[in-house]
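Residue numbers (the working numbering), protein chains in the order written: chain Z, 1 to 406; chain R, 407 to 809.
The set of hints was computed from the structure by calculation and includes no laboratory data.
Careful, some of the hints might be misleading.
[Claimed, not checked] Under the rule of at most 25 Å between Cα atoms (straight-line distance), these lysine-lysine pairs were calculated in the DSS-like manner:
(1) Z:339 to R:721
(2) R:673 to Z:140
(3) Z:354 to R:416
(4) R:721 to Z:140
(5) Z:339 to Z:41
[Unchecked claim] To list a few chain R residues with every Cβ distance to chain Z over 10 Å, as calculated:
(6) 465
(7) 499
(8) 550
(9) 558
(10) 569
(11) 578
(12) 701
(13) 768
(14) 775
(15) 799
(16) 801
(17) 803
Bear in mind the structure is a predicted one, so any value in this text is a computation, not a measurement.
Each residue gets a CB set at the ideal place from its N, CA and C atoms; glycine is no exception.
So the chains spell out like this:
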Amino acid sequence: MAKNLPLKGIRVANFGWVWAGPVTGQTLAFLGAEVYKIESKARIDLTRTLPPFGEGVPGPDRSLSNHACWAGNGSVTLNLKKPEAQQLARDLVAECDVVVENFGPGVMEQLGCGYEALRGVRPDIIMFSMPAAGLDGPLKGVRTYGLSLTSLTGLDSLTGYADGPPVPVENAYSDPYNGILGAFPVIAALRHRDRTGEGQHIDYSQQEAIMHMVGPAFMDYAMNRRNAAPKGNRHPLGAAAPHGVFPCSGDDRWISIAVLTDEEWSALKSAMGNPAWTEDGQLADVAGRVANVAAVHEKIAEWTAQHDDRELSETLQKAGVAAAPVLNVADLLNDPHYKARGTYVEVTHPLGFKETIYGAYVKTSRTEAAVEPGPVMGRDNEHVFKNLLGIADDRYDQLVADEIIY
Amino acid sequence: MPPGALEGIKVVELGQMVSAPYCAKLFADFGADVVKVEPIEGDVARRWGPFPGDQPHPEKSGLHLFLNTSKRSLALDLESEAGRALLRQLIAGADALIENNLPRFMRQWGLTYDELSAINPDLVMISITPFGQTGPYAEWNAYDLNAYHLTGASSRYCGRPGEPPLEHGTFSADFFGASAAASWGLAAVYGREPAGGGQHVDVSCAEAIAASFVGGQNIGAYAQDGKFDKRTGVGMSLGAPATILPCKDGHVWMLALETAQWNGIAKTMGDPEWMQLEMFQDMFTRAQNDDAMYPLIEQWTMEHGKMEIMEECQKNGAPVSAVFTVGEAAEHEHLRARGYIVEQEHPEAGKIRNLGAPFRMPACPGGPQSPAPLLGQHTDEILRELGKSEDEIETLRRDRICG
């Protein structure tokens, strides 16, 4: 272990805010890049104000959820409303390989940091823009939150109980999804730059990326003009049954069971003790099980309800059935699997409190990602402005006093 | 067209269903040479559909046609030593292997990272499974559904209290894991020099979500305060309006967290008096009084169409959106203007529409280069590249080692 991380030597200026953009920075940082988030006390990011706070003490450097989602990003504070701060941002970009941003189209131009301006100071810069619906097109200015962005892809129309109305997902699945996937085109563009000397402006549409998740249902529409509707936890393409979440003993305990093959169906039957209803000839093949999915699920639910979710998962796994407990938030932290994989780590924040965040959620055999606590605002100001940009101490102090570095 | 960003990267895909094929598709659509190694009977996705007119046909499965663009197909019997030898030869010359088999199958086939790195130290092996390569559930049989529900995402964020937690109605865990695998895997390929060679990239679809989605927003709070939340069935419990409501012809995402947004909805609704009440003046008090508020908004939405509601609210500064059906998304003028939906000519399925690249790289464009391959379409071509003679190829085909 402990050779250099793959993106060692790559420097990133991250104008990203809220969630998706910061996660792209975090992903690149896990992979070895040196990432500086640019933010300001003049407009504190909403996510820095979200409770709960470290040790219960409110403050923009103490939001636990913000820290987990931003960890790995450094922090530089610049009040980009001021032209001098915009100049400093461009000076920083001149020393960077990559710029990340997730504002709406046009905002970076207003901040004096549009692609043309940045290319002027760094001709081979890779600028990664990830607005909700891309940089152009009739919906380019659409107002959404990550929470509702999915409604523009068809995804929300697929989520819900069978034949019922759409049920909202109560947080922005699309934000970490796009944040992580966003690193892919950035790295692809780095490779292109290394081979040709050419930078570029990547237009990443969050809408279009999430719509790939709808790909299977899109193909049904494209081929059959059919609009898919919610189907609970049934197989998305109706290609297997049983396939669902079933109640277990205890309050709000559930088990997921997916039977894709006839062998798995036989295994499930035996595990249930081959009850008479399973011997119905119609259920012997996939087509018959899918046709009778509601009745099959009802019978299985009667059986699972008598069992503990974890014990039943073990039993079914021993029999060869794909089954697993449905975990709640508390279960995650105590789960032996996530413990074994070191999914969550406790770190000590520079302000002295302990916080539990997630570490490298992908494991790499040769290189080990570093895990840092969430960044204190302005953590890297001295390093960036004095060491990297060569600003003298007295001018630096003046910039701080003038609330340009702020 | 200039070459794709990943031109020159050689990838072997040993994957079925969704996760590894989607990850490999991202590589293929942006220029990598991806050989999809399929069993003689083909990737399971070829049997999952959807099919035109619901008539099953292994070359016309929509899932397959979506996930396998820009790839070449080699059909190979991995249960035979000759088949495995061919695969090892292919991997020896590859930059990356992308696979989603349970670890026990990779052991049975002699395709563990230790074995493969011995023949190709620069190989990046990207393994994408529900639970990953290590930990007590690594050997469990599992699919997308099991992975998703192990993340806390469903218990916390989707479904009505007392009813089963829900996934999205697609292969959410597989897509998430595949996306993480694409970024981390490409970094490992790109960074082989600083890293000192290839490596094994171990992706658990469940872990990626449990960490970055659910963990990021909840685990710090639970670890510190011992408290946690569960799904409510409403879009957001802390602020309102923030949920999906029915309207005249479908559903809309009604969302207003800031004052200007609330005023934008009010303006669109004709500034009804009730919206000026003190109890509705910030998102927190609105949420506390949502029993009163949602029915009043719903009365109005039920009288209007979703596209009209979206357009007017957006115009007035509120982030309200229509819940598009798949067809409404597919036909939207925005996506047409951006050229997102592409047309392909497939030898069996005919003219098909497909989804294009989700990001534009002007210097090195990507997106589907060719339609999904027929089963074994490139078997002969690839065997020739491996130095096999026409006689050897014929024998491999006759012995059903290749197809």
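Distance rule for residue 801 of chain R, whose beta carbon must clear each one in chain Z by more than 10 Å: holds, 32 Å
Hint consistency between residue 339 of chain Z and residue 721 of chain R [alpha-carbon to alpha-carbon, up to 25 Å]: At roughly 49 Å apart (the allowed maximum being 25 Å), residue 721 of chain R and residue 339 of chain Z break the hint.
Please settle this one: residue 465 of chain R was flagged as non-interface, so is its CB more than 10 Å from every CB on chain Z? holds, 13 Å
Grab the minimum beta-carbon distance between residue 499 of chain R and chain Z and tell me whether it stays above 10 Å. Holds, because the least Cβ-Cβ distance between residue 499 of chain R and chain Z comes to about 19 Å, which exceeds 10 Å.
Compute the least Cβ-Cβ separation between residue 578 of chain R and chain Z, then decide whether it is above 10 Å. violated, 7 Å
Checking the smallest CB distance to chain Z, is residue 569 of chain R really beyond 10 Å? Its Cβ does come within 10 Å of chain Z, the nearest being 7 Å, so this is violated.
Given hint residue 416 of chain R paired with residue 354 of chain Z - CA-CA distance at most 25 Å: violated, 44 Å
No chain Z beta carbon within 10 Å of residue 799 of chain R's: holds, 32 Å
Non-interface claim for residue 803 of chain R, where every Cβ of chain Z lies beyond 10 Å: holds, 28 Å
According to the definition I'm using, a residue is off the interface if its beta carbon is farther than 10 Å from all beta carbons of the partner; does residue 701 of chain R meet that for chain Z? holds, 15 Å
Examine each Cβ of chain Z, and state whether all of them lie more than 10 Å from the Cβ of residue 550 of chain R. violated, 8 Å
Straight-line Cα separation of residue 673 of chain R and residue 140 of chain Z no greater than 25 Å? holds, 23 Å
Comparing the model with each earlier hint shows violations of hints 1, 3, 5, 8, 9, 10, 11, 13; every other hint is respected.
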